[in-house]
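Trainee: The listed protein sequences derive, respectively, from chains A and B. Residues in the first sequence are numbered consecutively from -6, following this note's numbering. Residues in the second sequence are numbered consecutively from 2, following this note's numbering.
Simulated from the structure, these hints should not be mistaken for laboratory data. Just so it is clear, CB atoms sit at the ideal spot from N, CA and C, and this is done for glycine as well. Hints are not guaranteed to be accurate.
[Unchecked claim] Some but not every residue of chain A turned toward chain B, in silico, with C-beta under 7 Å:
(1) Leu(-4)
(2) Thr24
(3) Ala27
(4) Ser30
(5) Asp54
(6) Val61
(7) Gly62
(8) Phe84
(9) Ala87
(10) Ala88
[Unchecked claim] Which stretches of chain A does chain B cover? Using the computed rule of at least three CB atoms under 8 Å from a CB of chain B, they are:
(11) 33 to 41
(12) 63 to 77
[To be verified] Computed from the model, here is a short list of chain A residues facing chain B with C-beta under 8 Å:
(13) Asp16
(14) Ala19
(15) Pro25
(16) Phe28
(17) Arg29
(18) Ala49
(19) Ser51
(20) Arg53
(21) Val58
(22) Ser81
(23) Glu85
(24) Thr89
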Amino acid sequence: MPLWFARGLRRGVVTTRYPARPDDSAAWLPTPPAFRSRRLTRDLVDRMVAACPGTALSRRDDTLVFDVGACTSCGRCAEAAPEAVASSGEFELAATSRSVLIKEIPIRGDEP
Amino acid sequence: MTPSLDEAEAARRLRDTIAAQFGRSLHIRTLDTGSCAVCEQEIRLLSAPHYDLHRLGFFFTPAPRHADLLLVTGPMVRAFDVAARKTYEAMPGPKVVVATGACALGGVYPKDPFVHGDVGQVLPVDVWIPGCPPSPLALLHGLGVAVGRLAEKTPGLTFIADGGQG
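Bound-form chain A, shown alone:
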């Protein structure tokens, strides 16, 4: 008799809830970037926007507009500006409205 079958009979539990325990594989997932706003300057942001292969990043005056829904987690913004970009570690990003996926990040590196 397979072990899992005996264990199921003994405990009376055949399935687990979600999430039953943290999933180890979550640590390997590529995740969207998180930005260090105090290290962002306009020049740096323009470089990151140019490096972005999609439409996830754009700049509006002193704000970096980050569309999480358009981000493919490719890491090219982090290559362009490693000092200002870190991995966010967030992947459970489902949203019931498209607009909450668009985040505004203040550019504070130019402030004195």
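Position chain B against the provided structure of chain A, taking the given hints into account.
Mentor: Leaving out everything else, chain B in the frame of chain A:
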């Protein structure tokens, strides 16, 4: 237009009914509208023993007539217009549409003569799942959000690594 109190109450009751009806048994029809098939690979992994989607009461069905939820991938190529509309209309109500992956959310292909650019242009999308591709964990969370069993986290995230808004 802001809904009146009665309408808000009716909407809340409808949401509760959907959660009660779909909460423990939901049939999913996948719709590939021109994706590169990596989203499909991740969706297929949901049935694998590691994630075991069926324990949560979600099932894949090949027929839109049996489906409660339409899981749409790809940037909505225009050649697929008729098939997408027929699939959506064939589903019995109440029905939920979930756009899956960066293509479906409009991040990869711009609107042009060949693609609509995002699923929201053609179908009324209820839940958006970002990711390229969204991992099975992200898909599970998205399905949980779609049936009201899990809370969405995105409104609380800032994607700022050094402190909150300011």
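Trainee: Okay, which hints does this one fail, numbers in order?
Mentor: 1, 2, 5, 11, 19, 20 and 21
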